[in-house]
Structure formats: C-alpha cells, structure tokens
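Enquirer: One line per chain: the protein sequences are A and B, in this order.
The opening position of the first sequence corresponds to residue 301 in this note's numbering, with each subsequent residue numbered one higher.
The opening position of the second sequence corresponds to residue 68 in this note's numbering, with each subsequent residue numbered one higher.
Hints are computed from structural coordinates only; laboratory data are not their basis.
As the structure is a computational prediction, the values presented were derived from the model and not from experiment.
DEER-style ranges, computed between Cβ atoms: (1) Gly126(B) x Ser328(A): 16 to 22 angstroms; (2) Pro75(B) x Pro340(A): 15 to 21 angstroms; (3) Lys369(A) x Pro128(B): 31 to 37 angstroms.
We treat Cβ as the ideally placed atom computed from N, Cα and C, and that holds for glycine.
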Amino acid sequence: AQSVTQLDSQVPVFEEAPVELRCNYSSSVSVYLFWYVQYPNQGLQLLLKYLSGSTLVKGINGFEAEFNKSQTSFHLRKPSVHISDTAEYFCAVKETSGSRLTFGEGTQLTVNP
Amino acid sequence: GAGVSQSPSNKVTEKGKDVELRCDPISGHTALYWYRQSLGQGLEFLIYFQGNSAPDKSGLPSDRFSAERTGGSVSTLTIQRTQQEDSAVYLCASSPQGGISGNTIYFGEGSWLTVV
Chain A
301 AQSVTQLDSQ
311 VPVFEEAPVE
321 LRCNYSSSVS
331 VYLFWYVQYP
341 NQGLQLLLKY
351 LSGSTLVKGI
361 NGFEAEFNKS
371 QTSFHLRKPS
381 VHISDTAEYF
391 CAVKETSGSR
401 LTFGEGTQLT
411 VNP
Chain B
68 GAGVSQSPSN
78 KVTEKGKDVE
88 LRCDPISGHT
98 ALYWYRQSLG
108 QGLEFLIYFQ
118 GNSAPDKSGL
128 PSDRFSAERT
138 GGSVSTLTIQ
148 RTQQEDSAVY
158 LCASSPQGGI
168 SGNTIYFGEG
178 SWLTVV
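Turn these sequences into a full structure, and let the hints guide you.
Expert: As structure tokens, then:
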C-alpha cells in the first residue's frame with residue numbers, strides 16, 4: 301500500500317519569498333505523483349503531475365516539483381509567491397497499476413504581505 | 068465547460084437521518100471516485116467506480132455508507148442513520164480512465180455535510 305507524508309502542516313511566508321512544500325511517499329511499486337491546490341471553499345485543482353521522464357515538472361501558476369526516486373520525495377517549489385497563492389496544498393500518489401489516489405494531510409500555505 | 072458537479076453544496080441534517088449526495092461526473096469519464104475530507108485532515112478514499120466493473124468499496128468506513136452509479140454516469144453516495152462524526156466535505160472526482168494511467172483526476176467542489 302502507498303502512503304504520503306507532508307512534512308509541514310503550515311507554512312507561513314512573506315510575499316515574493318521562495319517557498320518549498322515537502323512531500324515524501326512510500327510505495328513498493330512504481331508510482332505517479334501529483335500536487336493539488338485547494339483554495340478556500342473550493343474543490344481541488346491539479347497543479348502538476350509526474351508520470352515519467354524528466355524529474356523536474358512544471359505546473360500552473362509558476363509552481364514546479366522535482367521527483368527524487370532515491371529519497372522518495374516530490375517537493376513543490378515556487379521562487380516567488382503571491383498573496384493569491386494562499387491555499388491548502390495536497391501531495392498525492394497513485395500506483396501506476398492502480399486506480400486509487402492517496403493523499404497527504406495537506407500543507408496550508410499562508411502568504412503574508 | 069462542465070466540470071464535476073455535486074449537489075447539494077451544503078446539507079445540514081439531524082443525527083439519525085439518512086442523506087443522499089449526488090455527483091455528476093465530466094461527460095465521457097469512465098472512472099468516478101468519492102473522497103471524504105474532514106476538518107483539518109487530508110482526503111480519505113471512500114469508493115471507486117470504473118466502467119461496468121465491480122466498484123472498489125474498500126474505503127467505506129461502515130455499512131451505513133453506500134454508493135451507486137447508474138448508467139455509468141451519475142453517482143449517489145448515501146449515508147444512513149447519520150452520526151456527528153460523518154460531518155465532513157464529501158468530494159466527488161472523475162477521470163477519463165482510472166486504471167493503469169496517469170490521467171488527471173478532476174474534483175468537484177464538494178458537498179458540505181453537517182450533522183447536528
């Protein structure tokens with residue numbers, strides 16, 4: 301069975317600062333990896349996903365993530381955040397042969413002026 | 068374009084009553100998921116439908132929970148004899164193909180259930 305650990309439940313940062321949201325996963329088989337964002341009172345929106353190929357994945361809104369197989373990590377980064385990036389961010393994993401998406405517990409990113 | 072549609076968006080019910088939550092997936096999507104998001108927690112898998120295959124019900128927390136999908140499209144999640152711990156956001160999602168693929172899973176905005 302797969303599992304996901306998001307190492308920080310809350311990350312406060314100042315506007316225009318860089319940010320990294322950490323995600324580690326556990327699985328005995330190959331996986332696909334995803335980051336979703338949830339704005340207040342809204343559903344989840346896909347930010348980016350890693351399926352195969354280049355380990356650096358670029359997503360929407362200037363976010364990117366790097367897949368590190370040896371460290372079983374998929375950290376999300378943005379070089380300069382905006383107030384509008386304030387939201388809950390979820391890392392998720394799906395086995396390539398499976399159907400279930402398993403989520404981490406989320407990281408609340410708060411961008412302060 | 069039409070995304071995943073859920074209704075009701077908000078539901079307040081009395082403890083012990085039954086509730087039904089509806090999900091209309093994106094047209095053409097064969098895979099449909101239900102997740103539960105409790106306050107301050109991550110997303111908990113409940114059930115998965117793929118085409119005409121038997122659903123994966125392994126995430127349903129108790130026999131008070133059930134779900135069906137009619138005609139391979141609309142799905143209804145039913146919670147019988149609701150308890151206060153059932154209060155959560157119930158999220159529906161759909162995907163073009165749920166099996167061995169990396170297809171994006173698209174989420175609806177959720178049904179907020181409050182049991183009083």
